[in-house]
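Asks: Listed below, chain by chain, are the residues.
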Amino acid sequence: MNLPKTISIINGHLIDPANQIDEPRDLHIADGRILAIGSTPEGFNAEQTIDASGLIVCPGLVDLSARLREPVQEHKATIASETAAAAKSGITTLCCPPDTHPVIDTPAVAEMIQRKAQQSGLCRVLPIGALTKDLGGKQLSEMVALKQAGCIVLSNALTPISNTLIERRALEYAATFGITVFLRPEDPYLRNQGCAHEGPVAAHLGLPGIPGAAETVAIARDLALAEQTGCRIHFCRLSCGTAVSKIDQSNLPVTADVAAYQLFLTEDDLIGFDSNCHVIPPLRSHSDREALRQGVADGTISAICSSHQPHELDAKEAPFPSTAPGISGLETLLPLTLKLVDEGLLTLSDAISRITHGPADILGLPLGQLSIGSSADICLFNPRQQWQLTTDEMLSNGHNTPFLGCKFTGQVTHTLLEGRVTYHREADTQSI
Amino acid sequence: MISPKESNIQLDTQGKLKHFLTIDGLDRELLTEILDTAESFAGVSERTVKKVPLLRGKIITNLFFETSTRTRTTFELAAKRLSADVLSLNISASSTSKGETLLDTLRNLEAMHCDMFVVRHTDSGAAHFIAQHTAPHISVINAGDGRHAHPTQAMLDMFTIRRHKGEFSPLKVAIVGDIQHSRVARSQILALNTLGVEEVRIIGPATLMPGHAERMGVKVFHNLEEGIQDVDVIIMLRLQRERMSGALLPSEHEYYQLYGLTDRRLEAAKPDAIVMHPGPINRGVEMDSQVADGPRSVILQQVSYGIAVRMAVMAMTMHTQGGAQ
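Chain order of the listed sequences is A and B.
Quick note on numbering: the first sequence equals residues 15 to 446 in this note's numbering.
Quick note on numbering: the second sequence equals residues 12 to 336 in this note's numbering.
Note that these hints are calculated values from the structure, not bench results.
Think of the CB as a built atom: it goes at the ideal place given N, C-alpha and C, for glycine as much as any other residue.
Treat each hint with caution, since some may be false.
[Stated by the list, open to error] Output of the computed footprint for chain A on chain B, the stretches with three or more beta carbons under 8 Å from beta carbons of chain A:
no.	stretch
1	111 to 125
2	128 to 137
3	217 to 229
4	265 to 278
Next up, chain A with everything else stripped away, as it sits in the complex (with noise of 0.2 Å):
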């Protein structure tokens, strides 16, 4: 089959939160990359045009975190589904934490990963390499032969290091080849056997309670760190409001992000034991939620991304405490995001920026963008579509999400990725 090499994006309303652009405009493609915005580039002939009258066309999702469950987990998941999952959902660009089996803590896992992606050809997958050996918190991993297989940020996933001494020497040999580190910050002798918010929820269902305190303390260490060390560190998955207000306070160039569902769930939610609703870090009180949608509002988190978890139906088939912890996340990101708009904290541009310049940015790379000259990794969707998320509409593998059944309005219509069109959904195939 011969793709086309040029395509030209006409009608849309283009938003370039990288650019500060927010209005009308078409885009003109060649050879996988942008080549014109505006009027069509003289001698310029589309092999294929795409009227995107009514639809806003943005740059490709870029994801900071999406679990990928291969290898060995392809029970929950596998690459080629949850990259389909994500060009569905105008996701572009994924990083795929370290915590597969076997962990990502050599090049060959890592290249593997980036291979099986390329097979698929839906979504650019970068692979997160791991800060220590086996996430054990023990002994650093081949930090530069990982950057050199493809990881392009290290992190310690799920797993804190609870041993400072060696916190220390691996952001300090982390910060030697200006490598960026990923610190989901946890105090693991706080975390305790916890599974829930500590918090009234918990204690009226006898849940074993993970305090706030579990992340405010180990950001106080971990900025103590940076600032000793000069590593660029990025904190993973906020989940309590302290933490942001410690964050914004420091005077240190970190970044945060957060998922796209915490944002909207709260410990309330976890009554009536919803298994859907275990994730970790947990699901907080009210104005956890608020200070942290402030704080994407004020840019302090300046991403969202999806935290996706696929996992198995048995997965979450158990008594509470029992079952795996995490949502499938990738199909809501963008539709949460574009919530957020609707309920009035962001504009849509900014909203925009958060799931693309934003996180593009923390990773260091030229993604997320719409310049002349960067990858044509292109999302268009329709602003007033309503849907409604059903397993029949997923693509993932995993459908562990306490937002089934919820109806949604913003809805992708066509995904590019390098110039290639990686999904396209038809005209009212599914409209309530």
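Since the structure of chain A is provided, determine the placement of chain B on it from the hints.
Replies: Below, chain B alone, put in the same frame as chain A:
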């Protein structure tokens, strides 16, 4: 954000008890009905023939994923007095250790045509999970799930209180000890508040108190004498030995010095105050032997009433299945 949760799964469409999982969501009328029904069964134990034929032909399965002697025995006795056939399974020692999932265990027992599961499990929410996933004709009774609920224990405590004190509304009740890790305390607090007592107090050091206790409708005290001042009922909780290793308390000795109930301390309570304990007692830790065996203690009555209350709950939940009587 999410659509409203299912309505109370404990009740059928007529508002009758189908499962008994937690006190939460049950109203005063229903709790009173349980107590009244238990009252009618209390006499059965004193007869020479200690059986009624209410659940003849029914199979009741005790599913204990966590070991228990007392609770399992009283459930067995209650089922036998209702003429049901009883199976008691100690699951922690069989299926789950072979890797069978909880759902598989349930499906197998359903295939044996059980009519009721009495469940004890270490996970909070386990009884809810089983009730949500079991076949529609099966009733589930929670015999203790994690730190969440132990509603039959709470109801036998309410039964004991009503037998001794009559009306609930003027009563002040103090619960002493490890509230944070106690499913018994959670269910007692809900039951006492639903039945409308004047005041519920919880007493213990902050390491044993649940966070946001005030939202549970209780007053928190850290001093035993202050906490039991003028109360009508004192409920002492069992202090689990393993709490000593987790830095929650410095030592049994210090705990007894601060929170152990003695005859002298009991003087702060009302002169006719009763002393309760869900058992088994750690003598010399939670309370002095003089108190445990003294005239104010109703601890052994709690055990006998436990059978009547469990009979009541079994009969009521099975009645909605249309099979009883």
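Asks: Mind listing which of the numbered hints don't hold for this structure, in increasing order?
Replies: Number 4 - this is the single hint that the structure violates.
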